[in-house]
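**Q** Below, each chain spelled out in residue letters.
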Amino acid sequence: MNNKLMSYKDMLSTETIGEISSNIDMFYNLSYKLSTYIFDYRINHKLSQKDFAKTIGVKQAMVSKLESGDYNISLESICNVMAKLNTKVDFNFQFNEAQDPNVLLDDKADRSTNTNYVSFDECKKLASAS
Amino acid sequence: MLQLFHISNIIDIGSDDLKGNIQKIVYPKEFKGDYIFAVEPYFTDALKGIIDKSGRKENIWGMFNQRLRYLEDNKTLVFARSQWFENPVKIKNIYFMKIKDKDLNIRISFVFHTYNNKEYAVLVSAFTETKKSNAKTNSHSSHVATIRPVIDNIEEMFKNEQ
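As given, the protein sequences belong to chains Z and C, one line each in that order. Each residue of the first sequence is one higher than the one before, counting from 1 in the working numbering. Each residue of the second sequence is one higher than the one before, counting from 131 in the working numbering.
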């Protein structure tokens, strides 16, 4: 029987959210960038939410939502607001090969370096050989 | 029941720890940074009690992470962003993060401290603010009264280390 004491952090690790980025993580990450950009722009220009709302042609309540960090804004609205702020927006897409469902990783492989993976075809060959 | 820590129990146990029970954020997910710490397990116990009941762990983490990033980047200047942070005039030297998710109105209390000539934010506890009917148990003042011994203990610990 293993009587090794678990540390507080080990115990929590069984209950924490997994390391893999979820769609929710991505949403809040993008919302952070957008809301912080808008908030910083407004503060740097010494504008109240009401005055800033006039600048970008929306109501004050919309500025509050934009700065909240959890408002699900449409792409079209982002473009409308950013055009008013003379700001270009672009997406960066980063494909994560280590999380590709078509690639099976060895249990102990280091996901960050991704040097020890077995392709799906190779895996099928291994399975049929065993 | 408060779990107070004692100076005699303080041990440096690695880079994730500022001093003893003052540790980096690991719940609901690890937060990487070198400015923010939390009183553990006191802080996580309080936050866990709120998050586990909510059924919206990932959403609350998303918003909590936003505020942590903002605090890490802007330090004591965060209070300009009043939707996310508050510095109540009537409460001296205790500050709050604000997380509003559906019906939950979460407040996370924190303090600033200097240790080895470096400034840190230390998260202390969390509570849900409710309407006036429950103000006796879910208000800033009742929360501050509850966490005051923990904060006094932190202050004493850092004072002895200066």
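These aren't lab readings, by the way, just hints derived from the structure by calculation. It is possible that part of the hints are untrue.
[Said to hold, decoys possible] Think about it this way: if two alpha-carbon atoms lie no more than 30 angstroms apart in a straight line, the pair counts; the simulated DSS-like pairs of lysine-lysine are:
1. C:K248 / C:K183
2. C:K183 / C:K154
3. Z:K65 / C:K248
4. C:K205 / Z:K50
5. C:K230 / Z:K33
All values reported here derive from a predicted model rather than from experimental measurement.
**Q** Now look at each hint and say whether the structure bears it out.
**A** Taking the hints in turn, this is what the structure says about them:
no. : hint            : verdict
1   : C:K248 / C:K183 : violated (36 angstroms)
2   : C:K183 / C:K154 : holds (23 angstroms)
3   : Z:K65 / C:K248  : violated (35 angstroms)
4   : C:K205 / Z:K50  : holds (26 angstroms)
5   : C:K230 / Z:K33  : holds (18 angstroms)
In the structure shown, a violation is registered for the earlier hints numbered 1, 3, in ascending order.
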